[in-house]
Amino acid sequence: MTAQPDVDKLIRQTRQYEFSDGLRDLQLAVLLGLSGVAAWLSLEPGWLTFVATVAKTFGRWAAWISMLPLVVAVGAVWAMLWLMGFVRRRWLWRESGMVKSSRIVVPRGVNVLSAVIMVGGIVVGLGLRIVRWVDDAFVLRMLWAATGWGFGYTLIGTGRHLGLTRYVWLGAVGGIASTAMLFLTLNFGQVALAFGVGWSILLGVSGAIALRRALRSAPARD
Amino acid sequence: MSDEIKDIASFDRLIHEPARLAIMAILSACESADFTYLLNATGLSKGNLSAHLSKLEECGYVGIAKSFKGKYPNTTCVLTPAGRRAFVAYRKQYLALARHLEK
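The listed protein sequences derive, respectively, from chains A and B.
Residues in the first sequence are numbered consecutively from 1, following the working numbering.
Residues in the second sequence are numbered consecutively from 1, following the working numbering.
In isolation and in its complexed conformation, chain B is listed as follows (with noise of 0.2 Å):
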């Protein structure tokens, strides 16, 4: 196996997927933000956002509390510490394969 599949078959599965890379990118520029602003930001669906979230949530990469803003229900994401450093170790990883295949 090539080094470059080697590196690429190491990414973290669970950020490499698109949905979710868009979500930690948003989370990693920012102290908190809400499902509202998530949902504008990456152009998924209500659905689709959710059940993203939620797996992000599962591995611990993504802290989510709910409450109520009056009589409307509001979702705030935050990334975890844990979820910091997941992001900033693939984009490293990342930007290290894309100089290496510029070369």
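Isolated chain A (complex conformation) (with noise of 0.2 Å):
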């Protein structure tokens, strides 16, 4: 090596390689699909219900069942987690190496304005609630649209810093379509679960594409 190299897309190209493949969606479907359907359930009657016949049956101690779909989700990222390692050394990385990323992806500008972007909205919804041009129940969903916002731009904040183009279109989309939760009408548990389930299915077709491509270009395992 002779000439200077190109230091930018060095560090561009090392940043990009743990998002590349997809699984980091992936990943983030799982997290936040459970997220979602943790937190409906634990606002369901039906499950509070199910809860207290349970506790009643066999016993207080019982009653930590109600804790069984958040053990269920920070399980699924667990292994989630495991899984891609496995994928990774087997296939996908093996021959192009592994590459532990650096922890703090996002940066911390993107970071403050989207906690900004969240609040803001939450203070906007209080506004109006205040002023009683809406009910209590638009406040609540205002939490997840806003949550839908500050999320969406962290992801479009993410895929302009790494340059990734599949990031920006889907914080875009993700962020556009968190404002239907402000129209819903679903109690808070349900938007809770839609606000999850959606963002779920955007992840999972974005990583699904990118996997699919790392895959086809994945040597074949012996």
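Simulated from the structure, these hints should not be mistaken for lab results.
Careful: at least some of the hints might be erroneous.
SDA-like cross-link-like pairs, simulated, lysine to any residue; straight-line CA separation at most 25 Å [stated by the list, open to error]:
| hint | chain 1 | residue 1 | chain 2 | residue 2 |
| --- | --- | --- | --- | --- |
| 1 | B | Lys-46 | A | Ile-11 |
| 2 | B | Lys-66 | B | Leu-49 |
| 3 | B | Lys-69 | B | Ala-51 |
| 4 | A | Lys-100 | B | Arg-84 |
| 5 | B | Lys-69 | A | Leu-215 |
| 6 | A | Lys-9 | B | Lys-69 |
| 7 | B | Lys-55 | B | Arg-85 |
| 8 | B | Lys-69 | B | Glu-57 |
| 9 | B | Lys-55 | A | Ala-3 |
| 10 | A | Lys-9 | B | His-100 |
| 11 | B | Lys-55 | A | Leu-215 |
| 12 | A | Lys-100 | B | Ala-98 |
| 13 | B | Lys-55 | B | Asp-12 |
| 14 | A | Lys-100 | A | Arg-90 |
| 15 | A | Lys-9 | B | Leu-101 |
| 16 | B | Lys-46 | A | Asp-8 |
| 17 | A | Lys-9 | B | Thr-76 |
| 18 | B | Lys-69 | A | Ala-79 |
| 19 | B | Lys-55 | B | Thr-36 |
Fit chain to chain and form the complex, with the hints in mind.
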């Protein structure tokens, strides 16, 4: 090597490596999907009745079953992390090498602006409630819509920082679609489910497309 | 001696060498990378990469951990805090000079 390397390109390529196979998208899809289900179940009268019945039949300790959705969600994320490592070691990164990505991927400015968007949305919702233009349910729905806007912006900022157009589109589509949460005539738990499942589908599709592409270009296992 | 020449002369020669600059750039963008990744990303030969890594390790810019994954040896490289500081300082100096020369 005699000419000066393109340092920016090398840095960008290495940062993108972690996200190029779509497994991160799939992990986020599992996390958001199961979190949505857990939030919905914890507020669902049918589930609460079931937990009460179990506690009545088997004793108070059995009420711990109410934690089951949360345990499943956390367990699934851990399992997904293990699976990601396994698939990469065995197929995807076998020839191209292993990289452990930096702990901080999202730039601080993006995180701050994302939090501002989220809090701003909630403040607007509360303001509208104070002047009585909306009801209490709207404020609760705004919580999810604002979370969607904030998360969408995080994806856009990350995509721009890493040079991944897929994330810019994903963030824009998801962020705009999160506005629909405001107009759904659902209760808080159901909106949580819609939010989790909606984002999970978006991230799942994005991850599946990227993974398919990565698997096609990965060398076959001996 | 003009300011530009003084600036160039004060560059960290260890990092300024193209192959080592490529290695430092890659390691600055992640927590760690293995030998295979560095080999593919830099396009260097195994011997060349190994020699440059040893040099960077000697001066404390890169940490190298050798282990086995099954039957195969595995070399993982990380940028040390001193290496990260040196790379950031080099980039700052390089970009400042580039901007100055563009004027």
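Name the hints, by number, that the structure is in violation of.
6, 11, 12
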